[in-house]
Amino acid sequence: MASWTSGVRAVLLDVSGVLYDSGGPTGGTAIPGSIEAISRIRQVGLKLRFCTNESQATRAQFVRKLQKFGFNISEDEVTAPGPAARRLMLEQGLRPHLLVHDDLLPEFDSIDKSDPNCVVIGDAAENFSYQNVNRAFQVLLGLEKPVLISLGKGRYYKETDGLMLDVGAYMKALEYACDITAEVVGKPAKNFFLSALAELGVQPHEAVMVGDDVVNDIGGAQSCGIRGVLVRTGKYRPSDESHPEVKADGYVDNLAQAVDILLASRTTDQ
Amino acid sequence: MAARRALKAVLVDLSGTLHIEDIAIPGAQEALKRLRSAPVTIRFVTNTTKECKRTLLERLRRLQFDIREDEIFTSLTAARNLLELKNVRPMLLVDNSALPDFEGIATDSPNAVLIGLAPEHFNYQRMNQAFRLVLDGAPIIAIHKARYYKKKDGLALGPGPFVTALEYATDTKATVVGKPAKTFFLEALRGTGCCPEEAVMIGDDCRDDIGGAQDTGMLGILVKTGKYRAGDEAKINPAPHLTCASFPEAVDHILKNLL
Chain W
762 MASWTSGVRA
772 VLLDVSGVLY
782 DSGGPTGGTA
792 IPGSIEAISR
802 IRQVGLKLRF
812 CTNESQATRA
822 QFVRKLQKFG
832 FNISEDEVTA
842 PGPAARRLML
852 EQGLRPHLLV
862 HDDLLPEFDS
872 IDKSDPNCVV
882 IGDAAENFSY
892 QNVNRAFQVL
902 LGLEKPVLIS
912 LGKGRYYKET
922 DGLMLDVGAY
932 MKALEYACDI
942 TAEVVGKPAK
952 NFFLSALAEL
962 GVQPHEAVMV
972 GDDVVNDIGG
982 AQSCGIRGVL
992 VRTGKYRPSD
1002 ESHPEVKADG
1012 YVDNLAQAVD
1022 ILLASRTTDQ
Chain D
10 MAARRALKAV
20 LVDLSGTLHI
30 EDIAIPGAQE
40 ALKRLRSAPV
50 TIRFVTNTTK
60 ECKRTLLERL
70 RRLQFDIRED
80 EIFTSLTAAR
90 NLLELKNVRP
100 MLLVDNSALP
110 DFEGIATDSP
120 NAVLIGLAPE
130 HFNYQRMNQA
140 FRLVLDGAPI
150 IAIHKARYYK
160 KKDGLALGPG
170 PFVTALEYAT
180 DTKATVVGKP
190 AKTFFLEALR
200 GTGCCPEEAV
210 MIGDDCRDDI
220 GGAQDTGMLG
230 ILVKTGKYRA
240 GDEAKINPAP
250 HLTCASFPEA
260 VDHILKNLL
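Same order as they appear, the protein sequences are chains W and D. So for the first sequence, the working numbering puts the first residue at 762; every next one is plus one. So for the second sequence, the working numbering puts the first residue at 10; every next one is plus one.
Errors might be hidden in some of the hints.
Unchecked claim - Listing some non-contacts, in silico: residues in chain D with all C-beta distances to chain W over 10 Å: (1) 39; (2) 63; (3) 70; (4) 110; (5) 134; (6) 140; (7) 141; (8) 167; (9) 248; (10) 268.
Unchecked claim - Listed below are the simulated DSSO-like cross-link pairs for lysine-lysine, each with C-alpha atoms no more than 30 Å apart in a straight line: (11) D/95 x D/42; (12) D/161 x D/95; (13) W/874 x D/160; (14) D/182 x D/42; (15) W/919 x D/233; (16) D/161 x W/906; (17) W/906 x D/95; (18) D/161 x D/17; (19) W/826 x W/906; (20) W/1008 x D/161; (21) D/182 x W/874; (22) D/159 x D/182; (23) W/951 x D/182; (24) D/42 x W/906.
Said to hold, decoys possible - A partial selection of chain W residues facing chain D, derived with a Cβ cut-off under 7 Å: (25) 830; (26) 890; (27) 916; (28) 931; (29) 985.
Hints listed in this document are in silico derivations from the structure and should not be mistaken for laboratory results. Beta carbons: idealized from backbone N, C-alpha and C, even for Gly.
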């Protein structure tokens, strides 16, 4: 029987590819059963937090979009790299050159961006033109000690019409060009998971992470002692189940099935 | 490593070593003449991903360099050779000006990705097309993986970072046909009758020109022109045979010490 359910008090959920698939004219579609799955998690009193690497929009915009799809979710339940990077700028006196999606810019409205001393790269999508990547490269080369901060390092994600290159690809491009290593804010960084747990007041062994990214969701969570369950939705590919480095604690068809298993185990436990 | 022998061949990089865009490195034409007076075979080897041989030759002649077309060996030639050998239909992610070197290669329903420096193609949409092909099993063939190159107004990204992006996203490795690939240097020597231990490479890219050549058994001379940045010579081990100010000094060293 699935051991990933025992002693679970909190559920961390990846969003894109678990709750919904992005893309298309409406900005995406909910994955069947996921809206109800969220409600069921809440009904049984499990703690819940959304852990996303979404950086194509501010956290507020992102949450509004999910609410429109019918999800019961509020902004203060979401751990996202944009606000985390913003905090980092303030704590370390960093002035970013931003290579991000236009819709993420408001997250950095109050941050001094003059005479930049670091580059922040997010999932910039259409903004990943040669000119924009080159500009970020030139800023980095102009710094005595180049600092590159990446909002996640995903390889790709799924939109309704296919897989799309994610920020990690362009982070690697800049790392290679400048011979540097980026600092990742977001999954799979340990701090990111730990800050989500701190918000819930639970220990790593009391939580389970559900995601569609075997490396960043599952591997990242496991490196902090959180169990990881891979869904076969979103960017999932069958080869993910034979990944050379990461073995999930459980594999499920979708979030609805994960919740079925979790709730069933609670009934038998009691 | 095989013992060194008397020098018989000199490989010379073009951009950054003999010229930067349309300006010759001072004294480079005269230095090439001096080199020609020595009993060595000369090959011009370049990692261009943009310019077909004809264009290269026209520019060099305009800059008063005495060079023949059959002395030039480029990464585009090496790429075409590999495409034909593998019998694949490439998506050509290369600058339009490079297309003449790929005439006659079928590109319909592509099952490979050929990638060179192509700023106008390195937009998100085209990169995604290439990414999806590779994820479906198409091999990546990189003309070269240079990190950046020197333009008149500063350094600019080369194709390497974009190759790296596709490699990372798809968890695959590209086949690199240009410098610093060993096969590139060996192909360039083919027809000269020389082995690597009888050759020296002069270039401005420490890793790709010098490191690559030295890995095959050649000597490498790094010049501090073009894309050279202070401290570059420390980027490879063993260090360059010599690091000097520019091509004319490299030629003087060869004439004085290596013949």
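Tested hints:
Distance check on residue 39 of chain D: its Cβ is at least 33 Å (rounded) from any Cβ of chain W, clearing the 10 Å threshold; non-interface status holds. The Cβ of residue 63 of chain D sits about 26 Å from the closest Cβ of chain W, beyond the 10 Å cut-off, so the non-interface label holds. For residue 70 of chain D, the shortest C-beta to C-beta distance to chain W comes to about 30 Å, beyond the 10 Å cut-off, and the non-interface label holds. At the 10 Å boundary, the C-beta of residue 110 of chain D stays outside the reach of chain W, the nearest C-beta of that chain being 22 Å off.
Distance check on residue 134 of chain D: its Cβ comes as close as 8 Å (rounded) to a Cβ of chain W, failing to clear the 10 Å threshold; non-interface status is violated. A beta-carbon of chain W comes within 10 Å of the beta-carbon of residue 140 of chain D; the shortest separation is about 5 Å. With a least CB separation of 6 Å from chain W, residue 141 of chain D falls inside the 10 Å interface cut-off, contrary to its annotation. Separation of residue 167 of chain D from chain W is inadequate, the least Cβ-Cβ distance of about 8 Å not exceeding the 10 Å criterion.
Separation of residue 248 of chain D from chain W is adequate, the least Cβ-Cβ distance of about 18 Å exceeding the 10 Å criterion. Residue 268 of chain D, annotated as away from the interface, keeps every beta carbon of chain W farther than 10 Å; the closest lies near 37 Å. Among the hinted pairs, residue 95 of chain D with residue 42 of chain D is inconsistent with the structure: their alpha-carbon atoms are about 40 Å apart, more than 30 Å. With a C-alpha separation of about 37 Å, the suggested pair residue 161 of chain D and residue 95 of chain D falls outside the 30 Å cut-off, and the hint is violated.
Simply put, residue 874 of chain W and residue 160 of chain D have alpha-carbon atoms about 27 Å apart, close enough for the 30 Å limit, and the pair holds. A C-alpha spacing of about 41 Å is found between residue 182 of chain D and residue 42 of chain D, which places the hinted pair above 30 Å, so the restraint is violated. At roughly 46 Å between alpha-carbon atoms, residue 919 of chain W and residue 233 of chain D are farther apart than 30 Å, so this suggested pair is violated. Using a Cα cut-off of 30 Å, the hinted pair residue 161 of chain D and residue 906 of chain W holds, with the two alpha carbons roughly 24 Å apart.
Distance hint between residue 906 of chain W and residue 95 of chain D is unfulfilled; the C-alpha atoms sit about 43 Å from each other, more than 30 Å. Our distance criterion of 30 Å between C-alpha atoms is broken by residue 161 of chain D and residue 17 of chain D, whose separation comes to about 34 Å. Between residue 826 of chain W and residue 906 of chain W, the direct Cα distance comes to roughly 38 Å. Violation of the 30 Å bound is thereby established for this hinted pair. Under the criterion of a C-alpha separation no larger than 30 Å, the hint pairing residue 1008 of chain W with residue 161 of chain D is inconsistent with the structure, at around 50 Å.
Between the alpha carbons of residue 182 of chain D and residue 874 of chain W the distance comes to roughly 37 Å, so the proposed pair goes past 30 Å and is violated. Straight-line distance between C-alpha atoms of residue 159 of chain D and residue 182 of chain D comes to about 26 Å, which keeps the hinted pair within the 30 Å bound. For the given pair, residue 951 of chain W sits about 28 Å from residue 182 of chain D by alpha-carbon distance, which is consistent with the 30 Å threshold. Of the pairs offered as hints, the one joining residue 42 of chain D and residue 906 of chain W is violated, with about 43 Å between alpha carbons and a cut-off of 30 Å exceeded.
Annotation: interface hint on residue 830 of chain W violated; nearest CB of chain D at approximately 24 Å, more than 7 Å. The beta carbon of residue 890 of chain W is positioned within 7 Å of a beta carbon in chain D (closest approach about 5 Å), and the interface hint is therefore held. The beta carbon of residue 916 of chain W is positioned within 7 Å of a beta carbon in chain D (closest approach about 5 Å), and the interface hint is therefore held. A cut of 7 Å between beta carbons decides the hint on residue 931 of chain W: the least distance to chain D is about 6 Å, and the hint holds.
About 23 Å separates the beta-carbon of residue 985 of chain W from the nearest beta-carbon of chain D, more than 7 Å, and the hint is not met.
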